[in-house]
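**Student:** Work the whole structure out from these sequences, hints included.
Order-wise, the sequence lines are chains H and X.
Just so we're aligned, residue 1 is where the first sequence starts under this note's numbering, counting upward by one.
Just so we're aligned, residue 1001 is where the second sequence starts under this note's numbering, counting upward by one.
None of these hints come from the bench; they were simulated from the model.
One or more of the hints may lead you astray.
Residues on chain X that point at chain H, a partial pick, calculated with CB under 10 angstroms [unchecked claim]: (1) E1040; (2) A1067; (3) I1075; (4) R1084; (5) A1090; (6) A1094.
Listing some non-contacts, in silico: residues in chain X with all C-beta distances to chain H over 12 angstroms [as the list claims (entries may be wrong)]: (7) T1015; (8) G1033; (9) R1065.
Label-pair distances were calculated between CB atoms; the ranges are [what the hints assert, rightly or not]: (10) A136/H - L1080/X: 39 to 49 angstroms; (11) N2/H - D1093/X: 47 to 57 angstroms; (12) A102/H - L1080/X: 18 to 28 angstroms; (13) A1067/X - A70/H: 52 to 62 angstroms; (14) A1100/X - G21/H: 27 to 37 angstroms; (15) V1073/X - D40/H: 36 to 46 angstroms; (16) R57/H - R1065/X: 28 to 38 angstroms.
For every residue, glycine included, the Cβ atom is placed at its ideal position computed from N, Cα and C.
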Amino acid sequence: MNRSLLILLGVLALCAALLGGSYAVSRRVCQTCMSKSVSDLDWLQQEFHLSAAEMARIQKLHEGYLPKCAEMCAKIAAKKSELETALGGTTNVNPIAQQKLAELAALRAQCQAQMLQHFTEVSQTMPPEQGRRYLAEMQRLTLGLHEQTIEPSMSESAGHEHHNQ
Amino acid sequence: MNKENINPAEAKLSTLLRASRVAPTLPPRFQEGVWRRIEEAAAPAKSNGGITWLDALAALVLRPRLALATAAVLIVAGALLGVRDGNQMAHQDAQARYLAVVAPNSLR
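**Tutor:** Structure, rendered in structure tokens:
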């Protein structure tokens, strides 16, 4: 192979290594530094530009909510374990398992309602615009609401189209 | 000086020899063959031009000043991109941490 071509290829490889190496190192360092000593609520402050007073109110709400959430999670875990026992490796869903499923769903619904209540309370401590954005974002992230879930195959088979207006 | 010393007999001999030289007849399509050989000789010169271009580029990138400047630019660009992406990832991590606390996976 031509010597000049080899040199150029080597230079290109070196350039790629320099760019990739500095990118990887700085990304890692930045991510590590940013993740250090951050609390669970840091995202709220960053994302919604909240003041210290607003953060203090949210912190109080947060601390009040966590034990309730943990209690509900424990109940859900216990119900799941009961469901697992009721299923007991059988291939069909027996009446007891059906009952456990219904109880589990009810517990989840109760827990979700409590969670939504907390989100609403937190959103009310924020400035109105940020509060609305927070609530919409949390509903999207936790319940999948406010997401565009148009399934083309379904709309085609139904014989109608969605129009953006 | 040599011409002056030439023997008249030798000069006569030379003239006779020159006159006796037979002009060879050119082989058929001689001219065409000459041009073909000239073209063939010129053809590698073209590819040599390509190699020269590569050589020039290789010499250019090996200049210490240019090499250092390029390396510095690449390092800075990579670092800036890394910081931007690192910030974004840290932001996503923070969001995931908040979500994991307020909305455990069993609810989502």
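**Student:** State for each hint whether it applies.
**Tutor:** Hint by hint, here is what the structure shows:
A distance limit of 10 angstroms between C-beta atoms decides the matter here; for E1040/X the minimum to chain H is near 22 angstroms, and the interface restraint is violated. Hint status for A1067/X: holds, given a least beta-carbon distance of 8 angstroms to chain H, under 10 angstroms. Annotation: I1075/X was flagged as interfacial toward chain H, and the flag holds, the nearest CB pair being 4 angstroms apart, inside 10 angstroms. The beta carbon of R1084/X comes within 8 angstroms of a beta carbon in chain H, closer than 10 angstroms, and the hint placing it at the interface holds.
Proximity of A1090/X to chain H holds as hinted, the smallest CB-CB distance being about 3 angstroms (cut-off 10 angstroms). The restraint placing A1094/X at the interface with chain H holds, with a minimum CB-CB distance near 4 angstroms, inside the 10 angstroms limit. Once the 12 angstroms rule is applied to beta carbons, T1015/X is consistent with being away from chain H; the minimum gap is 58 angstroms. No beta-carbon of chain H is positioned within 12 angstroms of the beta-carbon of G1033/X; the least distance is around 33 angstroms.
Against the 12 angstroms criterion, R1065/X stays outside the reach of chain H, whose nearest CB is about 15 angstroms from its own CB. Distance hint check for A136/H and L1080/X: the Cβ-Cβ separation is about 32 angstroms, which falls outside the suggested range of 39 to 49 angstroms. One distance hint, 47 to 57 angstroms for the beta-carbon pair N2/H and D1093/X, holds here, with the actual separation near 48 angstroms. In this structure, A102/H and L1080/X break the distance hint of 18 to 28 angstroms, their C-beta atoms being roughly 55 angstroms apart.
In this structure, A1067/X and A70/H meet the distance hint of 52 to 62 angstroms, their C-beta atoms being roughly 59 angstroms apart. A beta carbon spacing of about 32 angstroms between A1100/X and G21/H agrees with the range 27 to 37 angstroms that was offered as a hint. At about 40 angstroms, the CB distance of V1073/X to D40/H agrees with the hint of 36 to 46 angstroms. Checking the proposed 28 to 38 angstroms range against R57/H and R1065/X shows it is violated: the Cβ atoms sit about 59 angstroms from each other.
Of the numbered hints stated above, those contradicted by the structure are hints 1, 10, 12, 16, listed in ascending order.
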